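> Given next are the chains, with one letter for each unit.
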Amino acid sequence: MIAFAPGRAIEPYVEFARKAFSREATYRFEVLTSIGSLVLRVYLLRSVWIALYAQNAAPAGIPLHSMITYSTVALLMSLILEVDGTRLIRDKVREGTIATDLMKPIDLPLYFFSEGFGMTMFHALTILPSLLLALLLVRIDVPGFGALACFALSFVFGYFVNFFLNFLMNSVAFWTLETFAIQLMVRWASDLLSGQILPLTFFPGALGWIVERLPFAAIYSTPLRIYIGELPQSEWAGAIAAQMLWLALFAALSYFVWRAASRRVVVQGG
Amino acid sequence: MPPIISTRDLRKVFRVIDRTPGLAGTLKTLFSRKYSDRVAVEGVTMSLEAGELVGYIGPNGAGKSTTIKMLTGILVPSSGEIVVAGLVPYRERKRNARNIGVVFGQRSQLYWDLPLIESFELLRAIYHVPHDRYRQNLAAFSKLLELDEFIKTPVRQLSLGQRMRGDFAAAMLHDPKIVYLDEPTIGLDIVAKEAIRTFIAEVNRERGTTFILTTHDLADVERLCRRIVLIDHGKLVYDGEVETLKEQYGTHRTLVVEFSDDAAEVAVAGAEVESREGASVRYRFDRRTISADQLIRRVADTYAINDVTLEEPDLESIIRRIYVEGYAA
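One line per chain: the protein sequences are A and B, in this order. Its first residue numbered 1, the first sequence is counted upward by one per residue in the working numbering. Its first residue numbered 1001, the second sequence is counted upward by one per residue in the working numbering.
Since the hints were made in silico from the structure, they are not lab data. Values in this document were obtained by computation on a predicted structure and should not be read as measured data. Glycine included, C-beta positions come from ideal geometry on N, C-alpha and C. Be aware that one or more of the hints could be misleading.
Here chain B is said to cover these stretches of chain A; the calculated rule only asks that three of the stretch's residues, wherever they fall, bring their Cβ under 8 Å from a Cβ of chain B [what the hints assert, rightly or not]: (1) 13-22; (2) 72-85; (3) 93-103.
Listed next, with one range per pair, are the computed distances between beta-carbon atoms [to be verified]: (4) T1020/B <-> G61/A: 58 to 66 Å; (5) V156/A <-> V1191/B: 49 to 57 Å; (6) D1148/B <-> I10/A: 25 to 33 Å; (7) D1009/B <-> Y255/A: 49 to 57 Å; (8) L132/A <-> R1091/B: 38 to 46 Å; (9) A152/A <-> E1202/B: 52 to 60 Å; (10) R1135/B <-> L125/A: 50 to 58 Å.
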């Protein structure tokens, strides 16, 4: 390259993201069903919480309206967080098409990220209609501007922690080809331990203390606790710092895993 | 000018796990693994001039794709040297990638769910092809490959022939110096095959693109390549002109004679009976000891015949013999 041209260097990745976006858009029926199923889940969870709260006024010290807000916002977040662009790694390693990608002048991890990001952007568009439909069925709290901004920031960090977690998990394919078992395990752990289904304050005593300090908490729990006001304002900075720590750690780990994986490909032929 | 591709003593050894058969063996492999070395490419030395169109031929497992992977920079050789367009591919994978194009008959590099044109646009961005050049190339390839009728169709709806035409254009949009073709005509009908071959020949002639063609369809090679490199068990067994190979190996020809009746005795001096099917007999003879004309006269003098056909050896039968008997210059 003659001159440093960031615009030109980034162009392929912008293009990857755009293609991933339009590819997602080709499956219109899937969009409708995903919105439909989301709204249904919002309603079902609301009913479950109302029934549970009828037995116990405020388990784990969270009032009912906060709980319904929590589960609804968590479901809306899952529209973005459940998109896994790095699934491509596993598919491409298994089918051997990773070789053709390596024959292109591109940075592969960045390529996987752009794919995922493009897909995410499309699914982000479904958040608004899902939210509007959900609001016909449930009422949710809206926090002050400060909490909302902090939630957004925390959500972005959570997004990246989630990305690297998926990246690491799918990269296992370079060694085992099959990632189903590990995927199931991590998925199960993260569903439960990230606070997606249940606020982590529901875990009792020492278990709760541990669970809140695991990296999974950085994905759903931290932004959601900020959103519903369960986390005092004085602890926001600390919580976001913890997310950044996990992010840095996972990013570093991903870097080394990727280096080992590509070395393996170029030596053993994938 | 230095050669565009040169390799010296190129070697690739893979470490493979020894598996013991049976259930007990499977369990054993799970806990204690023994490795052994499998030599995929053993000391390949070759050199290509810019603008050459070379057939790289060998039976399955001969080491062809391992060689191609090393040339494209995605596999590090165990030992030996490679230089492709002035670069050592595995040290500068991305820079090398800008110089090359690849077409795989068995797997597409096009975006499955999107219209063909969108894959082209993506490739333009990946290779930073200037817009003018992109438009020129797209127009030229659309004309040669008749892409217009399906350029807006999603790739998953294309026929194999259309998809291959799309893949060829995709591989050439960034004006690669070298293009690696791996079984580019596999599964295509005769018309589609011919369209692809014409395209390769045209691009090679007009643009001076260097092609390495890996194929099992030797008609591709006969039609396109002057030079052929033959590899077997990882070793180079022949590197030279297709014509030379034919002359060397094509010493034996076949005369098919249709007799008027099922003669019991069909032996003729100077030729051996290769096979016999009713009244039709195939004679194999060495053209250095007897001419076709002489042989026909000899047969006709002794027996009553209806018809004769002379078969020239084709590349396919020559290569088949080399695979079986080995190459002896």
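> Tell me, in ascending order, the numbers of any earlier hints that this structure violates.
Numbers 2, 7, 8 and 10, in rising order.
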